[in-house]
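Student: Please construct the entire structure, taking both the sequences and the accompanying hints into account.
Number of protein chains: 2
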Amino acid sequence: MTADTPLAKTHLSVDCTVLGFDGKRLEVLLVRRTGEEGGRRFHDMKLPGSLIWEDEELDSAARRVLTELTGLKHVPLTQFRAFGSKDRTKDPKDVHWLEHAQKARVGRIVTVAYIALVKIDRILVREMEGTEALWVPVDAVPPLAFDHNEIISAALSYERTLASRDPSVLFDLLPRKFTATALRNLYEVVFGRRLNPSNFYKQMARMPYVVALDEFERGVDHRAARYYRFDKKQYDIIRL
Amino acid sequence: MTADTPLAKTHLSVDCTVLGFDGKRLEVLLVRRTGEEGGRRFHDMKLPGSLIWEDEELDSAARRVLTELTGLKHVPLTQFRAFGSKDRTKDPKDVHWLEHAQKARVGRIVTVAYIALVKIDRILVREMEGTEALWVPVDAVPPLAFDHNEIISAALSYERTLASRDPSVLFDLLPRKFTATALRNLYEVVFGRRLNPSNFYKQMARMPYVVALDEFERGVDHRAARYYRFDKKQYDIIRL
DNA sequence: TTTGGTTATAGTCAAAGTTACAATATTTAA
DNA sequence: TTAAATATTGTAACTTTGACTATAACCAAA
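Protein sequence lines, in the order shown, are assigned to chains R and B.
First residue of the first sequence? That's 1 in the working numbering, and the numbers climb one at a time after it.
First residue of the second sequence? That's 1 in the working numbering, and the numbers climb one at a time after it.
None of these hints come from the bench; they were simulated from the model.
No incorrect hints appear here.
Copies of one chain are not kept apart here, so a pair can be met inside one copy or by any two copies together.
Once the Cα atoms are required to be at most 20 Å apart in a straight line, the calculated PhoX-like pairs of lysine-lysine come out as:
#1 K86 - K9
#2 K119 - K232
#3 K103 - K9
#4 K103 - K93
#5 K90 - K103
#6 K177 - K119
#7 K73 - K119
Tutor: Printed below as a string of structure tokens:
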């Protein structure tokens, strides 16, 4: 190395891709952003994320930021990738917004992306001061700030590999009680292919960790479906 | 955010986990390091990697650093994870070494880890000035600098997921001509389980992209094995 | 009260894939 | 010539998958 070129020193941020499942589709948790561009205010959305403090660990920064922006606590966040391209901050809109919010000049930013799979029904998204969090179906996500669309794609692909190696992660997305159809829809949407409902029952029957309950749907407009639950102990036994 | 806590600003580095396969075991490319600790010189090893320049893209920095330290060019590096824990630089030995090498004070460092799968026989590792690169079996890697042991574990796990989604990546690790046993050993070592040789032939027979050659091993002290090659075109056809 | 629409769930069967195991083939070294 | 070692082929039981058919339960409209 030559001594006259400066070493890279960058700001660090975290961004959280929190995924939920509404029974039909995957949804991702976004926050609204309000900024100014050429004297005019604009509104758009982004992933919950922020620059982090100098003395923070990445993991705890991700937890802190997610709580601050969405009110969510105790979310099992996992780091899955860093995004460090210089043109992440290509859009002047993003840079203005950031420097206004941070009251500091900001150059290149490396962001560390986290993923979490949560039960969408468990979640109470409160309105925080200035920001507002909301669920958006992943197939209807509008253009977001920075490279957040790219981060979401990477997260979805990461989720697929997670699930194919260890399907139990999928149950994090379902309520404690779920129907066969809900589980099948989840498989279909995660792996991107249709499954034959009838054959899916047989598959379920072969999963000792999916246990049938003596409880059925109510008030549906057709035959009521049985509820099932995920039995983690059974699953761990199998895995040995 | 409060305005009085400084934002994190860190140095950025890249580290390359280059994996090869010698027909029996996976090996990883390491470089020797010489440093000083309490007035005494020490020698140990690390992944090829380095801090990067301010104006560099991550990907090209990884390429540059790998070439500088090992002489390897045209290696298909893929980013797979960032490591940013503050105690990556916990060991004073590592910090001294770094500050001596860089002639600058260095605090926290976020490193972006890359992985590459290469043909071990294609590679000519030249001795560079000051450094020396060598292949080390992954199951015999000694304690390395920084958190490089952890990075290697993460790379191996990443390789497994890669291979299970797209087995063709495994052929990057094999020479152009390989025996059924070599391919089987590779599967065994990557997925960590023994495979029945006899049944493995049938599996191979069902892979249209593994084509048998009319060429056999020489000078072995048992029946000579047939050579096969990987046919990427066939593979791409299947994948549609 | 019956009928039809809709989704849930069970059963059947053939095709394809997996596994364990036995048998045979080639090569070098003794 | 034989033994040791690994390569390859064959076979049969068993499991999984996929397409398809049939039946069940619920609601609403006729």
